[in-house]
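There are 2 protein chains.
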Amino acid sequence: MKWPLPGWIRHYHARHLPHDAIASITLMVLLIPQGLAYALLAGMPPQAGLYASIFPALLYALAGSSATLSVGPAALPAMMTVITVSAVATPFTPAYFGLAAAVALLSGLLRLVLGVLRFGFMANLLSQPVVGGFIAGSAFMIILTQVPNLLGIPAHGDTAWLLLLDIARRLPMLSRDSLLLSLGAFVMVLLIRYGLQALLHALKTPASLGQLLVKTAPVIVMILATLVVRFGHLSVKTIGPLPQGWQGMALPDADWGLVLHMWPAILAIALLGFVDSFSIAQTLAIKRRENVSPDRELMALGLANMGAGLTGGFPVSASFGRSAANEMAGAKTQLAGVLAAFGMLAILLAGGNLFVYLPVCVLGVTIVMAVSQMLDGSLLKLSFRYDRRDAFVYLATLLMVLFIGVVQAILAGVVLSLALFIWRTSQPHLARLGRIPGTEHYRNVLRYQTETRPDILIIRVDENLYFANIRFVQASVIHFLRQHPKTRSLLLVLSSVNMLDVSALQGLQTLQAELQAQGVSLHLAEVKGPVMDKLQQSGFLDKLTGSVHLSIHAAVQALSHAEAPDFMI
Amino acid sequence: MKWPLPGWIRHYHARHLPHDAIASITLMVLLIPQGLAYALLAGMPPQAGLYASIFPALLYALAGSSATLSVGPAALPAMMTVITVSAVATPFTPAYFGLAAAVALLSGLLRLVLGVLRFGFMANLLSQPVVGGFIAGSAFMIILTQVPNLLGIPAHGDTAWLLLLDIARRLPMLSRDSLLLSLGAFVMVLLIRYGLQALLHALKTPASLGQLLVKTAPVIVMILATLVVRFGHLSVKTIGPLPQGWQGMALPDADWGLVLHMWPAILAIALLGFVDSFSIAQTLAIKRRENVSPDRELMALGLANMGAGLTGGFPVSASFGRSAANEMAGAKTQLAGVLAAFGMLAILLAGGNLFVYLPVCVLGVTIVMAVSQMLDGSLLKLSFRYDRRDAFVYLATLLMVLFIGVVQAILAGVVLSLALFIWRTSQPHLARLGRIPGTEHYRNVLRYQTETRPDILIIRVDENLYFANIRFVQASVIHFLRQHPKTRSLLLVLSSVNMLDVSALQGLQTLQAELQAQGVSLHLAEVKGPVMDKLQQSGFLDKLTGSVHLSIHAAVQALSHAEAPDFMI
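Just so you know, the protein sequences line up as chains A and B, in that order. The numbering of the first sequence is our numbering, which starts it at 1105 and goes up by one. The numbering of the second sequence is our numbering, which starts it at 1105 and goes up by one.
Careful: at least some of the hints might be erroneous.
Same chains, same names: a pair is fine if it fits in one copy or spans any two.
Stated by the list, open to error - Cross-link-like lysine-lysine pairs, in silico, BS3-like; alpha carbons within 30 Å at most:
no.: 1; residue 1: Lys-1391; residue 2: Lys-1638
no.: 2; residue 1: Lys-1632; residue 2: Lys-1485
no.: 3; residue 1: Lys-1638; residue 2: Lys-1485
no.: 4; residue 1: Lys-1647; residue 2: Lys-1632
no.: 5; residue 1: Lys-1391; residue 2: Lys-1436
no.: 6; residue 1: Lys-1319; residue 2: Lys-1436
no.: 7; residue 1: Lys-1436; residue 2: Lys-1590
no.: 8; residue 1: Lys-1647; residue 2: Lys-1391
no.: 9; residue 1: Lys-1391; residue 2: Lys-1319
These are computed hints drawn from the structure, not numbers from a lab.
Taking the hints into account, I'd like the entire structure generated from these sequences.
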C-alpha cells in the first residue's frame, strides 16, 4: 500500500486558499469552546482539548479521504473515555490523564491495524438501530453528566440512575451563581441561535452567512461569561490558568496492564468512533460527489487517535457540527483543518491565562447545546413504522447505555441485532405455487388465481437454507404434503436460495428419505449457479430421487410426460 | 394442551403383544450392562443406572411420540454429567449423587418448560457440524475416561490433556489382571460380533436374528467375566453389593445454590440431549413412516429426566443402539419399553449380590465398544467436500470438547456457526444483467451472451439486505456505476431479497442520494410481496427517484419510452 502526499496537496489550486482560510477561522471559533468543553466532559485538563485539536487534525488531513471532515475533540469519544477510564481512575487526576491518552493511542493503533488488514467490515456488525440507540442514549447521558456542572455541585455516577441519585442528594449544595450563569448562557445561546438568525433574515443577509454567524454563539457566550465572572466577582468554578508552552510528544505515562484490561472498551471506542466518523464523511461526500474509502478512513482515524494519545490528548473522532460548518464556510480542502490546527497551537502556546475566568458551567452549556442536536428521533420513528423489532433494538441499546453501561450496551445491541436477523431467517415463508392459466408463470396459490395438479406439489422456499431454519422447512414441507396426499412428485423451487449449508444439505437428505418412504420423489427447480455447483460436488444430486429442472414450467412438463396423463386437470 | 392416554394404549392390538414382549427381553439384555456402565461413566453408583432405566422409560412411553425410542442411560448425557458435576464435587460420593440427580431434574424441568412454551426451536441453533463435532469429541473423551478403568489405575482429568498426563503418570501402577481381563473381554466381544455373525450366516440363520444375537455380546461377556473373577480369584475392582430394595422417590439431596450456578451446563445438557434424541426419533420415524413432533418430544424427554432426577438417577436420553435393537427385535409400541422397565425393576429389587463379582474393567470395555460406534466420520468427510468452513466448525467443536470443556465447546460452536452464516451473507453476490437477445429474459452478463444498454444498469442482489451487508452492497453498486459512466437509470432487481431491515432501508436511501448527486435515478424490480409491503409503509417508495416495476423487462420497456430513443442499441 503506497501512501503518497495527499491529492489535495499535490494538486492545490491557489484559488482555494481564501475559502480554506475563511473556513479555518470558523473551525477555530468552534474548536476553542468544544476543545475545552469536551476535555471537561472527558475528565481531562483543558489543555488536553486544545492538544486533541492539533495533531489529530493534521494527521487526518494527511491520511484521510474526505476534504472537509473535521477530526478532533467530539462528544461521543469523550463520553466513552470518561465512562471507561473512570472505572479504574479518578477523573482530573494525573493517573487518569495517562490512562485516557493510552486508550486514545491503543484505540488508534487498533483502528490502524484493522484498516491495514481490511477488517473495516467489523463495523458492519453495528446496525443502524444499535448506532442510533447508542448515540441517543449517549446524548442523554452526556446531558446528565453536565447537570452537576450547570448547578455547581459535585456529583458522580457511572449510570444514569446512580448519577440522578447523587444529583438529588447534593441538590441542597446548589450554587446560585452557577445556576444563574448557566441559565443566562442558555438564554444567550438561544437568542443568538434564533433571534440573530431572524434579525439577519429580516436584513436580507444570505442564509448561509446567517447560519455561520449563529455558530459563533458559544464563543460569544464564553467571552461574555468570562467578563461577567472577572468583573462581577461571581463565585463559580472556572478553568484557571493553563500550563505554559508545548509539552512535547511522549508515550502516555499509564499502567499498561490496566489499559490492556480495558480492551472491550477500546474495541468499542475504535468501532463506534469509526462508524460515526465514516457516516459523517459519507454524508459530506454525497453532497460534494467525492469518494470516501472505509479502510482508508479507518486508518486515518487510527493515526489521528494515535496522535491524540502521543500528545496527552484523549480519543477523538469526526464532529458532524464542525465538519458541516467547515463545509458551509466554504472549505475546499483539508488546508482549512491544517490552518485551524496551527491556530489552536498558537492559542495553546500563547494561552496561559486566557481561560482563567472562563466558568465551567458555561462549558457545560456548550456541551448540552451541542449534544442536544444529536438527539434525533427520526430513525426511531422510522423503525417503529417499518419494523417494531428494529425499534426494540434501538430502545434496548438506548436504555442499556443509560442504566447499565456503554460497552455492555453495544455488545447487547450487536447480539440483539444478530439474534433478530437469525430469528427473521429461521421461520421462512414457504409458498405453494400454481400455474397462471394459459401462461408459463407459476405464482403463490394464495395470492393469485392459479391451476394446480394433485400429483405435483410445487413449493417455493423464500429464504437461504441453513442450520437454523432447515428443520422448520422440513416440517413445513411435510405439512404441505399431508394436505395434498395425492402428491407423487414434490418440486422445490429454490429461486430465493442464495446459500445452502451442510446442515441444510443433510436436512434435504432426511426430507428426501421421508418423501421416499411415502412414495414421493423430490425434484428441484431454479437452483442458482453457486448452489448448484455445491450440490453437484456433494454427491447429493446423484442420489436425488427426482431431477433438477431449469424452470418450474420445464419441471411440470417433464413430470407430466413421465407420469400417467390422466392426472391432468 | 390435552394429554390423554397415549394412542398406543388406547388402540393396543393383542397381536402386537408377542412382538413387544420379545423386544422387551432384547432391551433388558442391553439395559443391564449399559445401565451399570453408564452409571460408572457418570460417576454414579451402579443402582443409579438401574433406576435410570425404569422411570424415564415409563414416562417417555406415556408422553413421547415415537413407538420404538428407548429412553434411559446413554453415553452423551452420562459424560456431560461427570464433566459438569465433577467440577464441584467428587464422583462416587453422596454429595455428587445428589447434584447429578438435581441436574437431571432441572434439565428435565427446563426441557418441559421449553416444550410447553414451544421453544424447541432453540435447538435449531445447534448446526450439524456442531452436533457432529460434539458427538465425535465426546466419544473420544469417553473412551479416554475409560482407559484408567481398563488398566485398573485411578486417573482423573477434566480435559483430554490433563487426563492423558495423569494416565501417563500412573501407568506404572497398572493392574496386570485388569489389563488381561479387559483384553480378553475385547477379544470376546469382537469374536461374538464378527465370528458369531459369520457362523450364523454360514448356518443360513436370518440376518436380523444374527444381528440381534450379536447384541447379547456385552451380557455374555459380563457373565463370563463374573465367573472368571469369582472362581479365578483375580484381584480386580468389582461392582460389589447393591443396596437392597426400592429407595423411593424424593427431591435430590443437593446444594441447590450450587446447582443453579451450573445453569449453562444444564441448558447444554437439555438442548444437546434433545437434539440427539430427536434426531434418533426422526431416523426411526422415517423407517416406520410415523410422525414425531419436536415440542412433544422435548416435553417427553423433560418428563423422563425429571423421573430420573426424582429416583436418584442421572440425566438420560434416547440411545440409538438400544432403539435400533428394539426396532429390529420387532417392537411395535412403547409396551416393549414398559415391560423392559418392569424387568429392570425386578432386577433392582432382587439384585443385591448379582453384580458383586462383576469387574469394572469389563464395564469399561462395554462403554468403549458402545461409544466407538458413535465415531462416524461421514459428516466430516461430507463437510470437507461440501464446504471447508463447515468442516472447520466441526473440528473446532471436537477439539474444544477434548481440550477445553463441553459447555465451552457448544457455546463456541454455536457462535462459530452463527458467525459463519453472518459472514456468508455479509458479502453477497451482485450480478449485472443483460437481455438474452430476442427474449424477455435477463441474465448475468458474465455467464450468458446478452445485450445491454449504456443508459440502464441492471444489478441483481443475491441476498437479503440487512445491516451486515448493506454497506458492501452500496459500495458494490457504486463500483458498477463507475464502470458504466453513461448510466442514467439504475435498476435494482430484488428477486432474491426475502427480507430488508431498517438499516438496509437507510442504506438504500443513502444510495439513492449518492445516485441522485450523479444524475442517476433508482428503480426497483421483482420486489417480493412482503418486502414491497414494508417499503410502502416506510414511505421510501414516495421518495423514490425512479419507480417500482413488476419485471425487469417491464422496467426496461418503461425506461426506454421515458428516455431519449437515441440511447437504444
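Comparing the hints with the structure gives:
In this homomeric assembly, Lys-1391 and Lys-1638 come within 30 Å of each other (Cα to Cα) only across copies, at 28 Å, whereas the closest approach inside a single copy is 44 Å. Taking the shortest alpha-carbon separations for Lys-1632 and Lys-1485, only the inter-copy value of 24 Å comes in at or below 30 Å, while the best intra-copy value is 37 Å. Taking identical chains as interchangeable, the C-alpha atoms of Lys-1638 and Lys-1485 lie at most 30 Å apart only when they sit on different chains, with a minimum of 14 Å there against 43 Å within one chain. For a Cα distance limit of 30 Å, the shortest separation of Lys-1647 from Lys-1632 inside one copy, 19 Å, qualifies, whereas the shortest one across copies, 33 Å, does not.
For the identical chains of this complex, Lys-1391 and Lys-1436 are intra-copy neighbours only, at 13 Å inside a copy versus 74 Å across copies, given an alpha-carbon limit of 30 Å. In this homomeric assembly, Lys-1319 and Lys-1436 come within 30 Å of each other (Cα to Cα) only inside a single copy, at 19 Å, whereas the closest approach across copies is 85 Å. Taking identical chains as interchangeable, the C-alpha atoms of Lys-1436 and Lys-1590 lie at most 30 Å apart only when they sit on different chains, with a minimum of 27 Å there against 73 Å within one chain. Only between protomers do Lys-1647 and Lys-1391 lie at most 30 Å apart by alpha-carbon distance; the minimum there is 18 Å, versus 57 Å within a single protomer.
With identical chains, the CA atoms of Lys-1391 and Lys-1319 are at most 30 Å apart within one copy only, with a shortest distance of 21 Å there and 77 Å across copies.
Going through the hint list in order, the structure satisfies each hint without exception.
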